[in-house]
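The residues making up each chain are set out below.
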Amino acid sequence: MINIVWLVFLVSGICYGGWNGRIEFITQSAISAAEGAVALSFKLIGVMCLWLGILKIAEKAGIVNFFSWLIGPIIRCLFPSVPKNHPAIGAITMTVSANMLGLGNAVTPFGIKAMQELKRLNQDKDTASAAMCTLLALCTTGFTLVPATIIAIRSAAGSTNPAEIVGTTLIVSLLATIIALLADRICQLFSKRPARRRPG
Amino acid sequence: MMELLGAVSVWIMPLLILVIPVIGFVRKVKVYEAFVEGASEGFHTAVRIMPFLVAMMVAVNVFRISGAMDLFVNSIAPLLNYIGVPPELIPLAIMRPLSGTGALGLTTELLNTYGPDSMTGKIASTVLGSTDTTFYILTVYFGAVGIRNPRYSVIVGLLGDLAGFLLSVFICYYFFYG
Numbered sequence: 001m002i003n004i005v006w007l008v009f010l011v012s013g014i015c016y017g018g019w020n021g022r023i024e025f026i027t028q029s030a031i032s033a034a035e036g037a038v039a040l041s042f043k044l045i046g047v048m049c050l051w052l053g054i055l056k057i058a059e060k061a062g063i064v065n066f067f068s069w070l071i072g073p074i075i076r077c078l079f080p081s082v083p084k085n086h087p088a089i090g091a092i093t094m095t096v097s098a099n100m101l102g103l104g105n106a107v108t109p110f111g112i113k114a115m116q117e118l119k120r121l122n123q124d125k126d127t128a129s130a131a132m133c134t135l136l137a138l139c140t141t142g143f144t145l146v147p148a149t150i151i152a153i154r155s156a157a158g159s160t161n162p163a164e165i166v167g168t169t170l171i172v173s174l175l176a177t178i179i180a181l182l183a184d185r186i187c188q189l190f191s192k193r194p195a196r197r198r199p200g
Numbered sequence: 001m002m003e004l005l006g007a008v009s010v011w012i013m014p015l016l017i018l019v020i021p022v023i024g025f026v027r028k029v030k031v032y033e034a035f036v037e038g039a040s041e042g043f044h045t046a047v048r049i050m051p052f053l054v055a056m057m058v059a060v061n062v063f064r065i066s067g068a069m070d071l072f073v074n075s076i077a078p079l080l081n082y083i084g085v086p087p088e089l090i091p092l093a094i095m096r097p098l099s100g101t102g103a104l105g106l107t108t109e110l111l112n113t114y115g116p117d118s119m120t121g122k123i124a125s126t127v128l129g130s131t132d133t134t135f136y137i138l139t140v141y142f143g144a145v146g147i148r149n150p151r152y153s154v155i156v157g158l159l160g161d162l163a164g165f166l167l168s169v170f171i172c173y174y175f176f177y178g
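Those sequence lines, one after another, are chains V and R.
Residue numbers for the first sequence follow the numbering used here, beginning at 1 and rising by one.
Residue numbers for the second sequence follow the numbering used here, beginning at 1 and rising by one.
Treat the hints with caution; some may be incorrect.
[Said to hold, decoys possible] Pulled a few chain R residues facing chain V out of the computed Cβ check, cut under 8 Å:
#, residue
1, Asn74
2, Ile76
3, Ala77
4, Pro78
5, Leu79
6, Leu80
7, Gly84
8, Asn112
9, Gly129
10, Gly146
[Stated by the list, open to error] Using 25 Å as the maximum straight-line C-alpha spacing, the simulated DSS-like pairs for lysine-lysine come out as follows:
#, chain 1, residue 1, chain 2, residue 2
11, V, Lys60, V, Lys125
12, V, Lys43, R, Lys28
13, R, Lys28, V, Lys119
14, V, Lys84, V, Lys43
15, V, Lys84, V, Lys60
Derived by calculation from the structure, the hints in this document are not laboratory data.
Remember, predicted model here, so these are calculated numbers, not experimental data.
From the three backbone atoms N, C-alpha and C, an ideal C-beta is built for every residue, glycine too.
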């Protein structure tokens with residue numbers, strides 16, 4: 001799946017660019033994107049260190065456990081394959097909470113931490129497990145209570161009521177999250193058979 | 001209401017960085033040592049993401065710069081138009097899952113052109129706020145743990161984006177006209 005999507009981006013981009021007379025921009029854009037990706041990874045290092053450090057304190061202080069106790073029951077329904085007291089539950093809880101609070105750059109480190117915990121439960125090292133796919137579905141729709149960035153750009157553009165969209169954003173992101181989770185469940189059911197047929 | 005939201009978004013980060021270590025200290029955690037222990041994982045993880053990020057960002061950028069994305073936008077425009085999506089919002093629908101900064105740029109442009117309090121402005125704001133950059137999340141989250149085959153996640157993520165976009169259009173029409 002991802003192989004095809006990736007190839008389509010490249011093939012359609014390069015062929016259309018060539019036909020369109022924009023071929024010289026292709027090389028430039030590929031190189032600048034590669035450099036941009038490296039720059040972004042380096043930027044991530046600082047943010048990751050900061051939030052993973054804070055997360056470690058929260059873990060040791062029992063704050064993560066408190067959050068798990070608070071919204072853990074919902075999380076456990078969404079991730080039935082994760083054992084009850086596994087650290088993955090705590091990490092997923094923190095990711096979802098950070099997402100809801102609109103903590104922007106803290107979400108990624110927490111989400112990665114959750115993925116790492118889920119990976120320990122996964123026998124296959126290259127292929128995503130069902131729980132990993134569910135976590136991704138939850139994160140790509142990104143349920144947020146306070147969309148701070150949007151409020152900021154709205155007021156910068158001179159809106160008379162920048163926070164007006166908070167209500168619609170909440171409803172839409174809640175519904176989109178539910179739809180993504182349902183789609184995830186359905187895909188999970190349909191993908192069971194090929195997984196069993198795999199040799200070994 | 002506005003002041004409160006503003007205050008929350010400004011205060012929440014510093015407050016967390018304050019409250020968590022203080023609670024930790026009260027609960028007898030060696031806060032500095034714990035922080036460093038956690039932070040030491042940061043470098044390794046970020047470096048691990050790099051090849052995944054290079055692969056995805058190069059492909060997305062080539063797709064955008066070549067004009068193939070505009071071609072795609074133009075080809076699905078009649079369909080989306082037919083179901084009631086304003087034409088000026090269609091590029092945002094395609095950009096949203098591909099690039100976070102790209103989508104933010106497009107939204108800012110729409111807000112400045114049509115006005116933040118216009119229907120277009122409100123829909124664009126809702127689209128930006130209600131979904132996330134699917135390809136970025138997929139690349140970073142799976143890249144960090146070395147997952148090369150994300151299985152059906154791509155479809156689920158894009159379906160979530162499509163649902164988020166269409167719902168933004170219809171719910172905004174319902175709320176701000178009704």
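Evaluation of the provided hints:
The restraint placing R/Asn74 at the interface with chain V is violated, with a minimum CB-CB distance near 12 Å, outside the 8 Å limit. Because the beta carbon of R/Ile76 sits about 14 Å from the nearest beta carbon in chain V, more than 8 Å, this interface hint is broken. Because the closest C-beta pair between R/Ala77 and chain V is about 17 Å apart, greater than 8 Å, the hint is violated. Evaluation of the R/Pro78 hint against chain V yields a violated restraint, the C-beta minimum of about 19 Å exceeding 8 Å.
Given hint, R/Leu79 at the interface with chain V, is violated; its Cβ is 19 Å from that chain's nearest Cβ, farther than 8 Å. Hint on R/Leu80 is violated. Least Cβ distance to chain V is approximately 17 Å, over the 8 Å limit. Given hint, R/Gly84 at the interface with chain V, is violated; its Cβ is 16 Å from that chain's nearest Cβ, farther than 8 Å. Proximity of R/Asn112 to chain V holds as hinted, the smallest CB-CB distance being about 6 Å (cut-off 8 Å).
Hint status for R/Gly129 relative to chain V: holds, with the closest Cβ pair at about 4 Å, below 8 Å. A hinted interface residue such as R/Gly146 counts as satisfied when its beta carbon comes closer than 8 Å to some beta carbon of chain V; here the least separation is about 7 Å, so the hint holds. Between V/Lys60 and V/Lys125 the CA atoms are separated by roughly 28 Å; this puts the pair beyond 25 Å, and the hint is violated. For the proposed pair V/Lys43 and R/Lys28, the alpha carbon gap of about 32 Å is over 25 Å, so the pair is violated.
Proximity of R/Lys28 to V/Lys119 is assessed by CA-CA distance (about 31 Å); at most 25 Å being required, the pair is judged violated. For the hint linking V/Lys84 to V/Lys43, the alpha-carbon distance of about 35 Å lies beyond 25 Å, and the restraint is violated. Under the criterion of a C-alpha separation no larger than 25 Å, the hint pairing V/Lys84 with V/Lys60 is consistent with the structure, at around 19 Å.
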